[in-house]
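S.K.: Here is what each chain is made of, one letter per residue.
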Amino acid sequence: MILAVTAGKGGVGKSTVALNLAAELDAVAVDADLSMADLPTGRGPDLHDVLAGRASAVEAVDDSGSVAVLACGRSLAGARAADPTALGDALDAVANQYGRVVVDCPAGASSDAGIPLLAADACVLVTRPTEAALADALRARELARAVETPLARVVLNRAPEMTTADIATALGAPVTRLPESDPLARAQRHGQPVSAVAPDCPASERFAALAADVHSALRS
Amino acid sequence: MVSLSCHTSSLGDATLVEVLITAASPTRVRIENRLDGPVWPPRRQGVPADGWDEDGFDGVVDGRLVLGYATPAPPDGSPVELTSTAPVDARTETAPTPEEVVRSLGDARPPRDALGNRTESSDTRAGDEPASDPDEPSPPDALLDWLDAIEGRLDAADRLADVSSVPEATAAVDAVGGPEDVQELREQLATDRQTLARVAARCDALEARADGVEIPAETLTRLA
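These protein sequence lines are chains A and B, in that order.
First residue of the first sequence: 1, per this note's numbering; consecutive thereafter.
First residue of the second sequence: 1, per this note's numbering; consecutive thereafter.
Same shape as in the complex, but just chain A:
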């Protein structure tokens, strides 16, 4: 099972949702943002190496931490040398070995956002309750439709108490609201899922519920 976490706009918490969903789903988190990676890196081969044919996708997975991660290199030269069309095969290889994969997609509506969506069985769309983020979420939704990837869930990140029915209608999927959370922000700064740092905080419970919803949406 390959789940893409997409957003349209950058800075809405896509990588945070990807890392925490991977932790809850016991999945490998793959950082597919080839030019501007976010997920923590280790010392071994990374996705740039995989997409340039220098390493296999499975050997590039670092499963020594609380979440297994296939990180992405930070250099522009590495991004230039990587073949984005090889991503689908790399994700399939990781899914065959580990079962579940959560892909942190790049922002935007270019091919680097489209290819992981194309490779995924379903996607989760992260947005914020702001005009700019919601407008970009609609574009990301269209991109997912164009590559025929179903939208399992919308995550409304850092959102106050509010009604989400309009957003669910506009984007065409149920909405999970994530409130502001200091433990979550702190955990992300240290490259950890919030469940590993503060398992009893509200954000941990929301991610557990989100993972259960996504899981049942994928099975139905």
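Note that these hints are calculated values from the structure, not bench results.
Wrong hints could be hidden among the right ones.
Cβ-Cβ distance ranges computed for the label pairs, FRET-style [as the list claims (entries may be wrong)]:
| id | chain 1 | residue 1 | chain 2 | residue 2 | range |
| --- | --- | --- | --- | --- | --- |
| 1 | A | Asp63 | B | Val88 | 54 to 60 Å |
| 2 | B | Asp55 | A | Gly10 | 40 to 46 Å |
| 3 | A | Glu131 | B | Ala86 | 48 to 54 Å |
| 4 | A | His215 | B | Val213 | 40 to 46 Å |
Think of the CB as a built atom: it goes at the ideal place given N, C-alpha and C, for glycine as much as any other residue.
Starting from the known structure of chain A, fit chain B onto it as the hints suggest.
M.R.: Here is chain B on its own, set in the frame of chain A:
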């Protein structure tokens, strides 16, 4: 009924092939290059245009379809052959591919110019062969610079020793600077030889000591 007509023209070392295919109803066709060379297909965003592969083109004709490609092979008889035709069945149409996504949404990789003066292989994270293994200890930069300088002087001395004619000798001496510089190079190399011998002796002595040394780390940790 599918019909095919083609026309070739030469442009420099390449042959341009134009193909016109007509079909009365939507038909999936495959045409293959019959010239003795590879197909250079049209490209969109750096990847071959929709339907093209290394041997030819695969696509749907509804009415008229005009295609063109280039090849380094010279024109010779009929350049392409219609190898298969089949009525279009919506159920067999394939899902989008990563290549189609790149074609329609654009290549998202950073442009080559964004890399500055660095080549891709100069980046040890991206190059095929890193310059050195980052885990392997390397001598201090000052030592490496000193050895490189001596190596440069030895190269210059080799070039001076290899001359076999007057023009070569003149060029080799000019490359060093002049006759005074040749003399200076000779004296410097004599000094280098002595210094290298002293450093080598010290390296050997230190290596022998390092081989013999044993730190009772566990005992010390227990006592501390």
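S.K.: Determine for every hint whether it applies to the structure shown.
M.R.: Status of the hints after comparison with the structure:
1. For the pair aspartate 63 of chain A and valine 88 of chain B, the supplied restraint of 54 to 60 Å is violated, since their beta-carbon distance comes to about 46 Å.
2. A beta carbon spacing of about 41 Å between aspartate 55 of chain B and glycine 10 of chain A agrees with the range 40 to 46 Å that was offered as a hint.
3. With their beta carbons about 49 Å apart, glutamate 131 of chain A and alanine 86 of chain B fall inside the hinted range of 48 to 54 Å.
4. At roughly 58 Å, the beta-carbon separation of histidine 215 of chain A and valine 213 of chain B lies outside the given 40 to 46 Å, and the hint is violated.
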